[in-house]
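Colleague: Below are the chains, spelled out letter by letter.
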Amino acid sequence: MSQENVIEIKNLSKIYRDFWGRPKVQALKSLSLDVHKGEVFGLLGPNGSGKTTTMKLLLGLLFPSSGEISVLGKPAVDVDKNEKIGYLPEESYLYRFLNADETLDFYGRLFNMSKAQRVERSNQLIESVGLQHARRRQLKEYSKGMTRRIGLAQALINNPDLVLLDEPTSGLDPLGTKDMKDLILKLKDEGKTVVMCSHLLADVEDVCDRIAILYQGELKTLGRVDQLLESHEETNIRTSQLSPEAIKDVEAALAKHNASVKRVDHPRTTLEELFLKTVEESQARPGQRYVPPEQGAEAKTTEQPVASK
Amino acid sequence: MSFDPQPYNVLLALGHWLAVFGSCLGIAFFVAFMTGVASGRAGAVIGAVTSSFSDFFSTSCRRIGAVALLTFQESKRRKALYVFFVFAALFMFAGWFLSNPSNRPELQAKSYIVFVLTAISWLILPVMLLLSCWGVPEDIRLRSLHTVVTKPIRRHEIVLGRMVGYISVGTIVLLLMGVIGYVWIFRQIPDEAKPSLVARVPVYGTLTFINREGKQGSGVNVGDIWDFRSYVEGATKARAVWTFDDVSEQRVGDQMVLETKFEAFRTHKGNMEKGLLARFIFVNPVKNISLPGKPFEVKEYQDATLVIDRKMTEVDEQTGELKSFDLFNDLVYTDPEDGGNKLRVEVQCLDAGQYLGMARPDLFIRLADRPFAVSFSKSVLGIWLMMCMIVMLGVSVSCFVKGPVATLAVFTFLIIGQGMREFMGRVVTGQEHGSGLVESIYRLVYHLNPTVEIDDSAATKVMFGIDQIFKKLLWLVQHIIPDFGVFRMSPYVANGFDVSWEAAMVPCLLITLGYALPCLLIGYYTLRFRELEAK
Ligand SMILES: Nc1ncnc2c1ncn2[C@@H]1O[C@H](COP(=O)(O)OP(=O)(O)O)[C@@H](O)[C@H]1O
Ligand SMILES: [Mg+2]
Chain A
774 MSQENVIEIK
784 NLSKIYRDFW
794 GRPKVQALKS
804 LSLDVHKGEV
814 FGLLGPNGSG
824 KTTTMKLLLG
834 LLFPSSGEIS
844 VLGKPAVDVD
854 KNEKIGYLPE
864 ESYLYRFLNA
874 DETLDFYGRL
884 FNMSKAQRVE
894 RSNQLIESVG
904 LQHARRRQLK
914 EYSKGMTRRI
924 GLAQALINNP
934 DLVLLDEPTS
944 GLDPLGTKDM
954 KDLILKLKDE
964 GKTVVMCSHL
974 LADVEDVCDR
984 IAILYQGELK
994 TLGRVDQLLE
1004 SHEETNIRTS
1014 QLSPEAIKDV
1024 EAALAKHNAS
1034 VKRVDHPRTT
1044 LEELFLKTVE
1054 ESQARPGQRY
1064 VPPEQGAEAK
1074 TTEQPVASK
Chain B
9 MSFDPQPYNV
19 LLALGHWLAV
29 FGSCLGIAFF
39 VAFMTGVASG
49 RAGAVIGAVT
59 SSFSDFFSTS
69 CRRIGAVALL
79 TFQESKRRKA
89 LYVFFVFAAL
99 FMFAGWFLSN
109 PSNRPELQAK
119 SYIVFVLTAI
129 SWLILPVMLL
139 LSCWGVPEDI
149 RLRSLHTVVT
159 KPIRRHEIVL
169 GRMVGYISVG
179 TIVLLLMGVI
189 GYVWIFRQIP
199 DEAKPSLVAR
209 VPVYGTLTFI
219 NREGKQGSGV
229 NVGDIWDFRS
239 YVEGATKARA
249 VWTFDDVSEQ
259 RVGDQMVLET
269 KFEAFRTHKG
279 NMEKGLLARF
289 IFVNPVKNIS
299 LPGKPFEVKE
309 YQDATLVIDR
319 KMTEVDEQTG
329 ELKSFDLFND
339 LVYTDPEDGG
349 NKLRVEVQCL
359 DAGQYLGMAR
369 PDLFIRLADR
379 PFAVSFSKSV
389 LGIWLMMCMI
399 VMLGVSVSCF
409 VKGPVATLAV
419 FTFLIIGQGM
429 REFMGRVVTG
439 QEHGSGLVES
449 IYRLVYHLNP
459 TVEIDDSAAT
469 KVMFGIDQIF
479 KKLLWLVQHI
489 IPDFGVFRMS
499 PYVANGFDVS
509 WEAAMVPCLL
519 ITLGYALPCL
529 LIGYYTLRFR
539 ELEAK
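Going line by line, the protein sequences match chains A and B. The first sequence begins at 774 in my numbering and counts up one residue at a time. The second sequence begins at 9 in my numbering and counts up one residue at a time.
If you're looking for bench data, these hints aren't it; they were derived computationally from the structure. Even for Gly, the Cβ is constructed at its ideal location relative to N, Cα and C. Don't take every hint at face value.
[Unchecked claim] What follows is a list of derived Cβ distance ranges for each label pair:
#1 A:K783 <-> B:L416: 40 to 46 Å
#2 A:E856 <-> B:I449: 57 to 63 Å
#3 A:Q905 <-> B:T179: 34 to 40 Å
#4 A:P848 <-> B:A97: 51 to 57 Å
#5 B:T58 <-> A:K783: 22 to 28 Å
#6 B:F472 <-> A:E841: 50 to 56 Å
#7 A:P796 <-> B:I54: 25 to 31 Å
#8 A:Y789 <-> B:V485: 30 to 36 Å
#9 B:I488 <-> A:K797: 31 to 37 Å
#10 A:A1057 <-> B:L416: 50 to 56 Å
#11 A:E841 <-> B:C69: 31 to 37 Å
#12 B:K87 <-> A:K797: 34 to 40 Å
#13 B:I54 <-> A:Y789: 25 to 31 Å
#14 A:E856 <-> B:V485: 40 to 46 Å
[As the list claims (entries may be wrong)] Cut-off 16 Å, straight-line C-alpha distance, at most; resulting in silico cross-link-like pairs (EDC-like, lysine to aspartate or glutamate):
#15 A:K847 <-> A:D934
#16 A:K797 <-> B:E541
#17 B:K295 <-> B:D338
#18 A:K810 <-> A:E781
#19 B:K84 <-> A:E875
#20 A:K959 <-> A:D982
[Said to hold, decoys possible] Now the stretches of chain A that chain B is said to cover, found in silico as 3 or more residues with beta-carbon under 8 Å:
#21 834-846
#22 854-860
#23 876-884
Generate coordinates for the entire structure from the input sequences, incorporating the hints supplied.
Modeller: Right under this line is the structure:
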């Protein structure tokens, strides 16, 4: 592939251990994936599937049990790479006794920004996340959504090339969610790479170029959203509300063409379907894992026995 | 009263520091390397060590400042500065309990000074201990550190920033307390005690004794409660001999002030109205001059201050001539051995059958006094340095254990460092009988008391050999734990002395500096090699 990889993960495993070194949870099992420059990459998965763990490993907050990570061409534990990274943690882990201005000023200093730069940048960011009215209030008085916004501002303080967003829309109202999505798309337009993880499918579907679906620490699906959602086996026809007689008529018409109605219900987002399908399949067949496609071939999910690690 | 400031041996201390620091560093690297080899990642260990150099080279003051400022704001919002109000409240009422008009003036002054300095250190040290031991663990628990370490800040900058932050909080509080304490002493102290608020600058000499036969020897032990002082017998040839170094005109001036604090020990009542009589004899061994001064009285519990004029005269007993001597030209002599300008003062007791007790600090040349503010602020500086030590220890220990454990650990350091080092020293040097680890178990089992000799056999040789290793380890422990006793400078101030540079300030400064680097390294490496998840 010709794209430049911003993140490369090879056979990454993570086992959480307790104080005595005994394994508690295997949070990631031999994960391999690449993130290309300039794309919005979505990590999907139910709760506890290892999304946050992956993020933390990428940032060097956790150390892998095995496997290799390279971020912006450097190992994950390298501090220098942080110059170009913005990170929004799962919950905004900020200092609750600071106000918005002080918070941004503090993180600006950590990037060795001058006073003038810090002031300019924080004014700009506070405005873009819509916190002008609350910039002098301590974060402990903030609502969940407001903390999320200041967390995002903090992640963007250094104008990063790579933005890691852990559940960016959690706790945001619909308006805030929309703002967040717009912002992610704006970042993409600016040529930045965004990696976000979420279990809110609508968010992912709207903004992501490629997604990976994790289930219990295993990579189940990986690919471009439009390709993954393209289905040639079914045709969706969306109509206005039909009466039972009308449905019977339609069924008769379809039977003439040798087709059948599989399901009559209110429409769902297609990603939701894909997601549920993946999860259900994973539950039914635990050994299954995503295998990277051969050069040129289409990505698919194949059954293969997993060597237990 | 064994107030006896000894000059600090800087080179010896430096040697110890290098030995301890070097061996700890060596052990740490060895352990890290071996675990690396065991897990097949020896290269990673070496890489981590080399990369830490590049971390240290890219230190940024702005980032350290950011963490320091954050720490400051945190302490402020945690209301840590309220300890200052406790202090203020304490002072509003303390005057009632401290005044004791029947005491001698210098004792009155002493109780006020000791109270202020003790109150300051007892309030500020525990608060700083708690603050510094809880900062980083809380940061990890609340995961706010996650957001910080994903910025380009180096781990040692976090450690340093924390230390600087806590120290600046402490400094502000300490300064406020110091100023208030100083003003308070001046306002509360009774008028008659005010002259005791001075900072005398003493020049101590070395003390040897000449016994009653006139030979070099030691003083008499009169069986007093301790052996701090030795005694010379009255009306014999017994003398106490002080030799002062570096006595010059520029330093001493035209009048030399000698202060004494001798203790009288009477074997018979004598004249109870009057003190024992004693006199100085100035001796120049090079020119063979021996010039007796006027007799003076040694009163119980009182310091005697004698002013010696530069010009002294003596009537020659044989010729009846008046001979005059100059203190600096005739009596101060150049030591043929080390070339120093020395003054030798011998003290003789003149009352037959009575004894005069002396220890090294009992006679000193008193140079021009400094203002009380000088000694007071030096002793506040001592508290400040101790606070720095506690903050450094607290921050570095709290990088690898949680708050309560860190608090306990630093507190233990504090307790051991105050009083147990001396005992450990006796064990290490073998002065404490039967103190070996295996040896004492052996003695317990066989019911042998510590003074009973143990037979020399192969088994006991092994036993003593093992104990030697333990003693080496104990030596290491003894030298790892800081000597907090040095930081207590209130005895100087309370006794009306200036705080000596050589005996107090330099050791404190060096000890603090000596701990700075190891603490920083411990903090740095633990933050780098631990996952910052709350365990
Ligand atoms: N600090 C930790 N200690 C032990 N187990 C953990 C820790 N953090 C996460 N886990 C476990 O690892 C798995 C993955 O967690 P996580 O990555 O947070 O999931 P996600 O973000 O996808 O919801 C979960 O089973 C979780 O319980
Ligand atoms: Mg998560």
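Colleague: Hint by hint, note whether the structure agrees.
Modeller: The hints, checked one at a time:
1. A:K783 <-> B:L416: 40 to 46 Å: Holds - the Cβ-Cβ distance for K783 (chain A) and L416 (chain B), about 44 Å, lies within 40 to 46 Å.
2. A:E856 <-> B:I449: 57 to 63 Å: holds, 59 Å
3. A:Q905 <-> B:T179: 34 to 40 Å: Once the Cβ atoms are compared, 37 Å apart, the range 34 to 40 Å for T179 (chain B) and Q905 (chain A) holds.
4. A:P848 <-> B:A97: 51 to 57 Å: The hint (51 to 57 Å, Cβ to Cβ) holds, given that P848 (chain A) and A97 (chain B) are roughly 55 Å apart.
5. B:T58 <-> A:K783: 22 to 28 Å: holds, 24 Å
6. B:F472 <-> A:E841: 50 to 56 Å: Check passed, 54 Å falls within 50 to 56 Å.
7. A:P796 <-> B:I54: 25 to 31 Å: Since the Cβ atoms of P796 (chain A) and I54 (chain B) sit about 28 Å apart, the hinted range of 25 to 31 Å holds.
8. A:Y789 <-> B:V485: 30 to 36 Å: holds, 35 Å
9. B:I488 <-> A:K797: 31 to 37 Å: Given about 34 Å between the Cβ atoms, the range holds.
10. A:A1057 <-> B:L416: 50 to 56 Å: holds, 53 Å
11. A:E841 <-> B:C69: 31 to 37 Å: Roughly 35 Å apart at Cβ, these two residues keep to the hinted range, so it holds.
12. B:K87 <-> A:K797: 34 to 40 Å: Taking Cβ atoms as reference, K87 (chain B) and K797 (chain A) lie about 38 Å apart, which means the hint holds.
13. B:I54 <-> A:Y789: 25 to 31 Å: holds, 28 Å
14. A:E856 <-> B:V485: 40 to 46 Å: With a Cβ separation near 43 Å, E856 (chain A) and V485 (chain B) satisfy 40 to 46 Å, so the hint holds.
15. A:K847 <-> A:D934: holds, 14 Å
16. A:K797 <-> B:E541: holds, 14 Å
17. B:K295 <-> B:D338: Between K295 (chain B) and D338 (chain B) the Cα gap is close to 8 Å, so the pair holds against 16 Å.
18. A:K810 <-> A:E781: holds, 11 Å
19. B:K84 <-> A:E875: holds, 14 Å
20. A:K959 <-> A:D982: Judged against 16 Å, a Cα distance of about 14 Å means the pair holds.
21. 834-846: Answer holds; 3 residues pass the 8 Å Cβ test.
22. 854-860: Our answer is that it holds, as 4 residues pass the Cβ test (under 8 Å) against chain B, meeting three.
23. 876-884: It holds: at least three residues are needed, and the stretch 876-884 of chain A offers 5 whose Cβ sits within less than 8 Å of chain B.
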